[in-house]
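> My request is simple: use the sequences and hints to build the entire structure.
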Amino acid sequence: MKDGSAFLNDNAQRIIDGMIGDAERLRIGVSTGPLGECLIDAGAKAAGGVEAGLRMAEAAMGGLGSISVCMDRASPKWPFTIEVRSSQPVLACLGSQYAGWNLSSQDYFAMGSGPARALARVEPLFETLSYRDTASSAVLILETAKPPPQAIVEKVGRATGLAPEKLTFLYAPTQSLAGGVQIVARALEVALHKTNDLKFPLENVVDGIGTAPIPAPHPDFLTAMGRTNDAIIYGGSVQLFVKGSAKDASELAERLPSRASRDHGHPFAEVFKRFKGDFYAIDPLLFSPAEVIVTAIETGDTFRAGERDLQMLERSLG
Numbered sequence: 021m022k023d024g025s026a027f028l029n030d031n032a033q034r035i036i037d038g039m040i041g042d043a044e045r046l047r048i049g050v051s052t053g054p055l056g057e058c059l060i061d062a063g064a065k066a067a068g069g070v071e072a073g074l075r076m077a078e079a080a081m082g083g084l085g086s087i088s089v090c091m092d093r094a095s096p097k098w099p100f101t102i103e104v105r106s107s108q109p110v111l112a113c114l115g116s117q118y119a120g121w122n123l124s125s126q127d128y129f130a131m132g133s134g135p136a137r138a139l140a141r142v143e144p145l146f147e148t149l150s151y152r153d154t155a156s157s158a159v160l161i162l163e164t165a166k167p168p169p170q171a172i173v174e175k176v177g178r179a180t181g182l183a184p185e186k187l188t189f190l191y192a193p194t195q196s197l198a199g200g201v202q203i204v205a206r207a208l209e210v211a212l213h214k215t216n217d218l219k220f221p222l223e224n225v226v227d228g229i230g231t232a233p234i235p236a237p238h239p240d241f242l243t244a245m246g247r248t249n250d251a252i253i254y255g256g257s258v259q260l261f262v263k264g265s266a267k268d269a270s271e272l273a274e275r276l277p278s279r280a281s282r283d284h285g286h287p288f289a290e291v292f293k294r295f296k297g298d299f300y301a302i303d304p305l306l307f308s309p310a311e312v313i314v315t316a317i318e319t320g321d322t323f324r325a326g327e328r329d330l331q332m333l334e335r336s337l338g
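Using my numbering, the first residue of the sequence shown is number 21, and each one after it goes up by one.
Derived by calculation from the structure, the hints in this document are not laboratory data. Please note that a few of the clues may not be correct.
Unchecked claim - The calculated DSSO-like cross-link candidates involving lysine-lysine, where the alpha carbons are at most 27 Å apart (straight line), are: (1) K186 - K22; (2) K186 - K175; (3) K65 - K186; (4) K186 - K166; (5) K166 - K65; (6) K166 - K296; (7) K22 - K267; (8) K219 - K267; (9) K293 - K22; (10) K219 - K263; (11) K175 - K65; (12) K166 - K267.
Here the structure is a predicted model, which is why all the values come from computation and not from measurement.
Structure, rendered in structure tokens:
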């Protein structure tokens, strides 16, 4: 896509405006920060909920994803799943939804996701994507219980070239219902991220669909983080529609599922504790859906690999 033609931040701003208008119904808190930035609490002090999480995920994808709650009778204990679809999966997932912006200041730390990343372009990933958004406002999603301090607001403003009053920070902790929903809505995104790591040409990814079960929230951070990750690692399903040869599609399908990781087979919370909380020590191949279907649209061939692990879901999700 040409720079600015995806309107990631403009799309997200319309979603944000709708959330503000529905704030009472969504049980979210809307306030103005000390520098004039818009702050939306979707699950920290505010109660939030499933619908708030769905809208949060839609904003994170820059409006290029359709996200809904669906029924999956193959998983009787967790029948409700988040389904995400995108006809621009690379830009929606990697150019917007991926939590790739490290934001820290003194004792504050959060990973930023959402379309503001495509304005700031501070991550090397954007050299691969070759896209720059243009917008008069920006939206950033933070997986945290605290609003960003002034130093972070200023940092985002400098990186995006926007005044603080043009910035919206939408945040919710992992332990919240909305926070959990928006994380599980990343099943397609983790598949695209691993696809890039596997050096499959991103320009050949045409369309994508992903699902993962909705885990119950938990007040303990490690437990909540474990549940949301396991929902994708052991319960996620993704189908990618790709251009290219059947051989390339077959190889991608075989290498993409989480079972390819050396750390597969254990609840994520246990893996996290084993590596003493060091995310970078965990095998990156683990962060992918359990089940993958890859369809080569130019040959009509479809390849399947991996499978959902209901026993592991029961062990992790309770």
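> Hint by hint, say whether it matches the structure.
To see whether the hints hold, each was checked on the structure:
no. : hint        : in the structure
1   : K186 - K22  : holds (23 Å)
2   : K186 - K175 : holds (13 Å)
3   : K65 - K186  : holds (23 Å)
4   : K186 - K166 : holds (20 Å)
5   : K166 - K65  : holds (9 Å)
6   : K166 - K296 : holds (24 Å)
7   : K22 - K267  : violated (30 Å)
8   : K219 - K267 : holds (15 Å)
9   : K293 - K22  : violated (43 Å)
10  : K219 - K263 : holds (14 Å)
11  : K175 - K65  : holds (25 Å)
12  : K166 - K267 : violated (47 Å)
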